[in-house]
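A.B. asks: Each chain, written out:
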Amino acid sequence: MSLYRTELRRLVKRRFTRWMTVLGLLVLAAVVGGVFLTNEKIDATARAKAEAAAEQQYQEQTRWAEQERAACEAAKSGGTAADPGRFPDDCSVITAPPRESIEVDWFLPSTFDFRENFGFTLLPLAAILALVGFVVGASFVGAEWSTGGMMNLLLWRPKRLTVLLTKLAALLTGLLALAVTTTVLWFGSFWIVATLRGTTEKMTSGAWQSFALTGLRGVVLALVGATVGFAVASLGRHTAMALGGAIGVIVVGQFGVAILLALAGVRFAEVWLLPTYVAAWMEKKVTLQNWQACQATYFGECKPETLDITWQHSSLLLGVSLVLILGAALWTMRRRDIS
Amino acid sequence: MPAVLEIEGLRKTYKSRRRGTRNALDGFDMRVEAGQVHGFLGPNGSGKTTTLRTLLGLIRPDGGRMAILGQEVPAALPAVAGHIGAIVESPQFFPHFTARDTLSLLASAGDVPAPRIDEVLELVGLRDRAGERVKTYSLGMKQRLAVASALLKNPKLLILDEPANGLDPGGIREMRTLMRNLAESGMTVVLSSHILGEIQLICDSVTIISLGRRVASGPVDEVLARHSSGAVRVRVEAATDLPVAAEALTRAGIRVTGTEPDHLMLTGVDKPATVTRLLAEQGLYVSELTRVAADLESVFLDLTATAPVPGQHRQVDQSTKVGGTEQPTSGGWGA
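In order, the protein sequences belong to chains X and G.
Heads up: the first sequence runs through residues 1 to 339, numbered per the working numbering.
Heads up: the second sequence runs through residues 340 to 674, numbered per the working numbering.
Same shape as in the complex, but just chain X (with noise of 0.2 Å):
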């Protein structure tokens, strides 16, 4: 108990853990800041100028319709077309738009619906915590090793495999306070955008709950990629080992993958990236389209071909690359000298 606490204290005293918190804290504060700024409450003023703007946007457009059919029939009287192509033959198929198909909504400004809009901002909270929790969870072990304060550590500690569990504890001990919190001012911050810059209605339990379970995938995930983090650094027993790996699995694995795939034509080769992934794990389901494909409806309509990447699928993946990266980590600790 004393090295996990003692290991919670180191994590908590580390420069970089700090650092990257507090960086992690400024970019979601500045997404926060963002959706403040840009959204308005409804009023009836503003509903009213919407409005007016909608009727005079049905006015230019009757006016202009008017003027064009005028101009159509004076064209056809006259014999004077210049453009043949320019007016149909019927003049009277020029008509102003009906007045209901010029929405009010879309002169209304930018508003925050809690229920509508709250659950994509799950996504990038996730990320974010997910980003912050891979680099300090690799910086956590990796400086400990290039440093020699893991070998510092064992000669008190002889037990190895404890030594980097109790370690990888108080990581993700951190980073899950870390995450709950954040998530519960997440979750706070956006109530308050919706309150003062929106709307908070229609928030039924059932909404609520759909919200605190993405939120929850979304620690989760931040758990999962410190795990790897720190489980690549504990490997390459440096900090960068973890970090290059990141780079190298994006720039390789993303990027190279999609033009391969891209290239050869392959049917979804989105099932083969792993932001697809992610993506279905916090929003549960992606469905991918093949639109080389034709899926015949009753009515002859063609649909394309579609394939469903689930948060299982998702979770599958996720847990055997965990104990997959954490095992070999586990199993060089134990095997290797330490030199």
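None of these hints come from the bench; they were simulated from the model.
This one's a predicted model, so the numbers in the text were calculated from it and none came from an experiment.
A hint or two may mislead.
Stated by the list, open to error - 25 Å max Cα-Cα, derived SDA-like pairs, lysine to any residue:
(1) K41/X x K202/X
(2) K13/X x S443/G
(3) K13/X x S637/G
Unchecked claim - One side of the interface only, derived from the structure: several residues of chain X facing chain G at Cβ under 10 Å:
(4) R5
(5) S146
(6) R157
(7) R335
Cβ atoms here follow ideal geometry from the backbone N, Cα and C, with glycine treated the same way.
Chain G: place on chain X using the hints.
C.D. replies: Relative to chain X, chain G alone:
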């Protein structure tokens, strides 16, 4: 006296596809008795650090037996680790932590009471600089911090790899006094160093390793005596008589190893009185007859065959292999 540290037949082999096999430790033996300051000597690459790392569980041995405080290691290492304080090779610490933070985290991990931190900081002379970040420390100050971290547990066995590295002359003397005081308080100290004068001054016993094998061990005096060549320096009243003296002694079977302008160096002299008698018979009168005691440096250079030879550049791993050829051998990759 009971042994605090015992090593028998320790083996560690490194294998490389490109460079073949290298025996870093080739049946190495070592024994350190309780309450001693024990010097652990060897040329670069001879296996000192590998031995210490293996002993401390950082490297997995390929064979042999090790015991610390009577318990077999590495199996019993978790049980005895609390009684071992160690620094291995150059000390490395997290640069942005202060010395106090560094020691505090170690103390906390090892359940050491907090007041002990101030005690060791005082002991190594870092009390007034304990609040500064380690990255601002000189090599000598980092060395002091390393010794402080090793002393934190108040260990029964203290293992220090090059503790005087980077220390100023005052620091070296302080370290020497500290080692002696610790040994007098009952602590066993194993000291690896290349400052052989220091080792000779503070150590009770030594082990010398070369190419992964022990080449000498025992109390310092015994090792020196065992490897002393019985060298004698002799002067006569008139320096011009030295060639005659040298000829007379050589005729009597005494080896004259050096003819200096004012004295002769002799070896293989069991009884110095023989020299006096032989020279007196020739009408030469001795003005000085001194037995030259071997120092640890010369014994070390002799045993490990690492003495510099003019015009030659000795390579690491070129030293003596016990049980092998008489000539210096190379124990590098592929050996």
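A.B. asks: Does each hint hold? Answer for all of them.
C.D. replies: Hint-by-hint comparison with the structure:
no. : hint           : result
1   : K41/X x K202/X : 16 Å, holds
2   : K13/X x S443/G : 12 Å, holds
3   : K13/X x S637/G : 50 Å, violated
4   : R5             : 7 Å, holds
5   : S146           : 9 Å, holds
6   : R157           : 6 Å, holds
7   : R335           : 8 Å, holds
Hint 3 from the list above is the single one not met by this structure.
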